[in-house]
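*Asks:* Residue numbers (this note's numbering), protein chains in the order written: chain A, 69 to 356; chain B, 2 to 492.
Please keep in mind that the hints were generated in silico from the structure rather than gathered at the bench.
There may be inaccurate statements among the hints.
[What the hints assert, rightly or not] Calculated pairs, SDA-like style, for lysine to any residue (alpha carbon to alpha carbon, straight line, at most 20 Å):
(1) K146(A) <-> T247(B)
(2) K73(A) <-> D83(A)
(3) K146(A) <-> D440(B)
(4) K185(A) <-> I217(A)
(5) K273(A) <-> R311(A)
[Claimed, not checked] So these bits of chain A aren't anywhere near chain B, every CB distance computed over 10 Å:
(6) P102
(7) S124
(8) H166
(9) L180
(10) E186
(11) D243
(12) D342
(13) H355
[As the list claims (entries may be wrong)] Some chain B residues close to chain A (C-beta under 10 Å, calculated; not the full set):
(14) E8
(15) N15
(16) K82
(17) H84
(18) G278
(19) K285
(20) M326
(21) V327
(22) G330
(23) F332
(24) W334
For glycine and all other residues, C-beta sits at the position ideal for the given N, C-alpha and C.
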Amino acid sequence: MRQQKKVLACVDQSDYASHVADYAAWAATRLSVPVELLHVIDRHSEISSGIDRSGSIGVDAQENLLERLSQEEGERSKVVREQGRVFLNKLRARCESHTGLQTDTRQRYGQLLSTLKEQESSVAMYVLGRRGESASHTRRDLGRHVEAICRQIRRPIMTVTDDFKAPKSVLVAFDGGRMTRRGIELLASNPNMRDLPIHVVMSGKRSADSGRHLEWAKHRLRTADFTVDASFIPGDPEQVVTRAIAEREADLLIMGAYSHSPWRSLLLGSRTNDLLRASQVPTITLHL
Amino acid sequence: MDTIRQEWFSNTRNDILAGLVVALALIPEAIAFSIIAGVDPKVGLYASFSIAVIIAFTGGRPGMISAATGAMALLMVTLVKEHGLQYLFAATILTGVLQIIAGWIRLGELMRFVSRSVVTGFVNALAILIFMAQLPELTNVTWEVYAMTAAGLGIIYGLPRLTTAIPSPLITIVVLTLVAIALDLDIRTVGDMGELPDSLPQFFVPDVPMTWDTFAIIFPYSATLMVVGLLESLMTATIVDDLTDTLSNKNRECVGQGVANVATGFIGGMAGCAMIGQSVINVKSGGRGRLSTLVAGLLLLIMVVFAGDWVSQIPMAALVAVMIMVSIGTFNWESIRSLRTHPKSSSVVMLSTVAVTVATHDLAQGVLTGVLLSGFFFAQKVGRILSVTSAACDEGRARRYTVYGQVFFASADRFSRVFDYQEVIDKVYIDVSRAHFWDITAVSALDKIVIKFRREGTDVEVIGMNEASATLVDKFAIHDKDGADDMLLNH
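In isolation and in its complexed conformation, chain B is listed as follows:
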C-alpha cells in the first residue's frame, strides 16, 4: 500500500503537469517515428498511447517515459516495406513476448557487461540517427521549409529564456502551423504523410497466416527489436535512477516493456521502448511518479483524436525542428570533449559503437561491437597484470621463480616467455601460489614450461598450484589470497 501511494500519488500535481508537457512533446515524435518506419502516423500515435499507459502500471522505473521510438522504428523499415503492416503488428507482439521471457530469466543483469563507453556510443548513435532521419525532409525542398525549420529552432531555444511556464516545442508547432495556414504555404504537412487516428484504438488480431513461415519472417526482426528495446529502456532507467537518486527494478521493467508491446501489437501499434530525451524532459518538468507516464499517454490520445484536423495541418518543418532539438538534447556532447582525455581504448569503443550503428542503422549491432571491443581491451589490460621474479638459491644449483598476477589466454604467451630455459641449473621452483590461473590455456602453458625445463635436464617443482587454479572452476568461491589485492593496486 505504501509503495502504491508513493509511486503514484506522492507528487500528484507535478506529475500531472509534467505528463502534459511530455504528451505535447510526444505527439511530434510519435508522428516523426512513424514516418521513419514507413507507416501511417496513426500507428506511432496509438503505440505511444498504449505503451505509455501500460508501462505506467507494469514498468519498473516510475517517471520514465516509454513510447514509439526512433531506435525501434529504424529496425522495422525493411519489414514494413517487404511484408506490410500486419507483419509489423505480429512482430511487435512477438517482441513483447521475447521481452517478457527476457525479464523472467533476468536478462537485465547482462546490462553490467555494457560499459559506460558503449552506453555513450549508443546514445550518440541514436542522436545521429534521429538527426539523419530528418534529412529527407530537408533535401530538395523550397526555401520556405528551411526558413520554417530555422524559425522553429529559434522559438524552441529562445522561448525558455523568456518563460519556462509553457512548453516551447508546443508554441513552435502552433506558431508554425498558423503561419503556414495564414500564408497558404505549399509545404508538406503531417496530413500528407498518412492517416491520423480519428477514433480510439480497437483490439484486433494481426492479419497474418499463423504458419512457421510467418514466424521465420518476423523472428529476426523481433529478436533485434527485443534487444534494442531492452537496451534503451534499461539505459534510460539508469539515467532516470541517477537523475532522481532512486532505484528501479530492472527485471520488472523488462517484463513491463514486454507486456506493453504485446498489447500495442493487438491495437495496431508499432513496437516501442523507453525514450531518453522524453524521460529527461519529464524529470526536468517535475515528473517523478507513475502518474506522469499515465497522464502523458492518456492526454496524447485525447489530443490527437479530438484535434486530429489540426494535427494534420502541422507542417513537417515544425516536426523537423522538434526532432532536431531531441537529437541535440540526446547527444552526449561532453563525450566529444573528453575524447582527448579518456583512455584511447574507451574512445575506440565509443566511436566503434557509433560507427557500426550509423553504418547499419541497427543499434543492436553497434552495441554488440562495443561490448566485444570492451571485453577485448579489458582482457588485454588485465593480461598485463602479471609479473615473475626470480632468484638463485641453494648456492646456484637452483632457481626460484615467483609468479604474481593473472594468467589466462591473453597473458599465457608472455608468461611462458619469461622463463630462462638456457640456464644451466639442477632444479627450478615455480611458485604460483600468488597467481591466478583463469583458464585451460594458463594450465597448458605451465605444462609446456615444465616440459621445456625437463628437456634441459632440469627438475621442476611447482608450488601452490592448488591455490592458483582455484579460479579455474567456473563457480569458484570468492577466495582471498595474501597479496592478491595489493597486486591489483600496484599495477
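Here chain A stands alone, though its shape is the one from the complex:
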C-alpha cells in the first residue's frame, strides 16, 4: 500500500499560525492530500529553574533531586502540552472548514529541523511561516529556522507571509536548472492547478540556452492545458523577480533553492535568501 502523503503545516503559537494553516489548507486542496498540523515543542533542559542554593546534600540526595526535577519538568510539560492541544484544535477546526478534509494534529518534542526531517518521506509539501513566535521582538526579516529547513529538506516547502489570500496566478522564477525543471514537471502533472495562469520568468545574463529552456517550459505547461506566458527579463534576479511579481500581480512564487554550497552563500550571500526576504508573496522553494 502506498503511504498517503500529506501537507505538513508547521505551526507555533503565534499569529502567523493561522495563515500557515490557511495556506496549508489551500495547498492540500490543490494537491488532493490531507493536512497535518505539527507543533514542535522545544524543551530547554539546559536551562534550570527552581533553585536551592543551600549547597547541602542529605540522605539519598541524588534520588530525591532526580524525583524533584522530573516532577517539575513533568508538570511544566503538561501545561505546555495542554496549551498546545487547545490551540492546535482551534487551527484544526479552521483547516477542516476550509478543506472539508480530515485534518490531523500532532505535537512532538524535539528540535524543529530534525523533527521535520524525520517525516520527509510522508510529506508532499511543507508549509511554514517565514517568521514565527519570536518575530515581534527580533529584527530578523527571515525566521531563523527557515534557511536551515529549506537547505536540509528535499521536498517543496511553502513559506508564507502575513495574511491569507487564495493565489490567483503563479510566477515561476525559472533558471533552466534541474530543480526548476522538476518544478515545471510537478506543476504540469497536477491538473488541479490548471485554473491558475502561470508566468514563467527567466532573468540574469542571456545565454545561448536560455531561449531553448524557456521554450521547453512554455511547451510543457501548454501541453498540460495551462495558461502560460514566458518571458526573459535581463538583470539582477532579485530585482527582476520582485518587479515581475508586482507587474503581473502574481501571488505565489515558485523557485529553486540553495543550489550552491553554504560556504558560497556565506561569502556571496544567498540568492534564495535575498528573494525570500524581498518577495511579499508566499513562495514555494524547490530543493529536490
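Given the coordinates of chain A, assemble chain B onto it according to the supplied hints.
*Replies:* Relative to the frame of chain A, chain B by itself:
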C-alpha cells in the same frame, strides 16, 4: 556556534550562582582530600582549580564538577609516602596521558559491562571511604572537637530548613571558625595540616629522573588512577545525564579528564576526577552549563589565594562536618532498603564491591570484583535457558531430541546429561536448529554426545547445526531464528 551558545551561555545567571555554591563546597573537600593523600592542602586546591577550569572546556558532560577527589587521593597514599611529592606530579601527568589514550580508543564504551549493582557498590564504598578518612580527626581528641563537629552537622542540616538562599556548609565553616577564634580553642586547624596557596599556581616540570625506573614506579599508580578516575567520571556523567535529562559525550569526557590531569600535574596538583556529591550540589543549585564548572574553579582559586589567612584558621572539625555531609549525601541509602527485595545475586555483587573496596582502599579492585561476579552470575542465569524435549518416532525405532536455548560453557554439562544413552533404539535425531551454540565447549559437548550414542550402536543425525553454530563466529551477524525471542521470554 549553536552548541557553544547552548552549553555555555543559555543558563548564565544560574550557572554563575551555582558555580559560587560549588566553589564554597569544594574548598573544604579539596583540603580534606589533600590530607587523605598526605600532601599539603595547596596540592589539592591547585588541582581542584585546574581540573575544574580545564574540564569546563574539554569535558563531555556540561554541568559536571571535577576536582581533586577522595577516590583518587586514597590511591596515592603509598606513592607519596614512599617516593615523595614529585613522583605524585609525574604520576598525575601519566594518568592524564593514559586517560587521553583511553578516550581515543573508546574505552568509555566498556562502561556497559559495569552493572547497576556495581555502580551502587562503587558509590557506597566511596561514601564509606570518605567517612572513614574523617575518623583520624575524631579519635583521641578533646570533647570540644566532638561538640564542634556536632554543631557543624546541626547547621548543615538545620539551616536549609530556614533558608536555602545561602550555602549551609559555608555558614558552618564561618561560624565554627569564628567560635574557635573567639574562644581561643586549642584544636587542630587547616593551617596545621600543611601549606596553603599564597600565589597563583606556576608551571613546572616534576623533579624526577627521566628514567625507566621512574616509569616503573609510577605506572602501576597511574594505571589504577586512570581506571578509577574514568569510572567515577563516567558514572557521575550518567548521574548528571539522568538528573538533567540530556546526553553527554563519554569519550570526550575521557579525553577531557586526561587533558585536565596532564595540565594539573604540571602546576603541582594531584590527579582528580568527577565528583558525585559536588555534581549533585551543582545541579541542585541550578548549574547546567559549562560556565558553572568554570566559575567554580576560578572562584575557588581566588577565594583561597586572597583569603588564605582565614582559610588556615578553619578548624578541622568544621571540615569533618562537611565531609560527613558529603559522605551521607553520596551513599545510596535506598540500596540498603532494597537488599531485601533485589535478587540475591545483585545484592552479592553490590556488597562484594563495597567489601573489597573498603578492605583494599582501592575502588578499581572493588569494581573488578563486582564486574567479574556479575559476569559469573549472568552466565549462570543464562545457562538455565536451555531445554530439551524428546519424542519417540518411526514406531519406536527412533527418538527425536529438540534442543532450545543457549548452549555454552556454563550449560554444556547439563546439556550432555539430558540425553538418555541407555535407551535401546536404532536412530537418534538431535534437532539443534533452535538452539545457540556460543562456544567451543558447546560444540565439543555435542561431539561427545554423538560418540556416546554411537558406542551404543545408535545412529545419530544432527539437524540444523549450521543455524545453531552461527553464533560461534566472534563477529556474527544479528540473526533471528524463529522462536528465539519467545524462548527468552518464556524462561
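*Asks:* Confirm or reject each hint.
*Replies:* Hints, verified against the model:
1. K146(A) <-> T247(B): holds (19 Å)
2. K73(A) <-> D83(A): Roughly 27 Å separates the two Cα atoms, so the pair is violated.
3. K146(A) <-> D440(B): violated (51 Å)
4. K185(A) <-> I217(A): holds (8 Å)
5. K273(A) <-> R311(A): Judged against 20 Å, a Cα distance of about 17 Å means the pair holds.
6. P102: It holds; P102(A) is separated from chain B by about 34 Å at its closest Cβ, greater than 10 Å.
7. S124: Non-interface label fails for S124(A): nearest chain B Cβ at 5 Å, not farther than 10 Å.
8. H166: H166(A) is indeed farther than 10 Å from all Cβ atoms of chain B, at 36 Å.
9. L180: holds (12 Å)
10. E186: E186(A) clear of chain B: closest Cβ-Cβ about 18 Å, beyond 10 Å.
11. D243: holds (31 Å)
12. D342: holds (22 Å)
13. H355: holds (21 Å)
14. E8: With a closest approach of 7 Å, the E8(B) hint holds.
15. N15: holds (5 Å)
16. K82: Violated. Min distance 32 Å.
17. H84: violated (36 Å)
18. G278: holds (6 Å)
19. K285: The hint holds - K285(B) has a Cβ within 10 Å of chain A, the shortest such distance being about 5 Å.
20. M326: Nearest chain A Cβ about 6 Å off; hint holds.
21. V327: Since the shortest Cβ distance to chain A is 7 Å, the answer is holds.
22. G330: Holds: closest Cβ of chain A sits about 3 Å from G330(B), inside 10 Å.
23. F332: holds (8 Å)
24. W334: This interface hint holds because 5 Å falls under the 10 Å limit.
In summary, the structure is inconsistent with hints 2, 3, 7, 16, 17 from the numbered list given earlier, while agreeing with the others.
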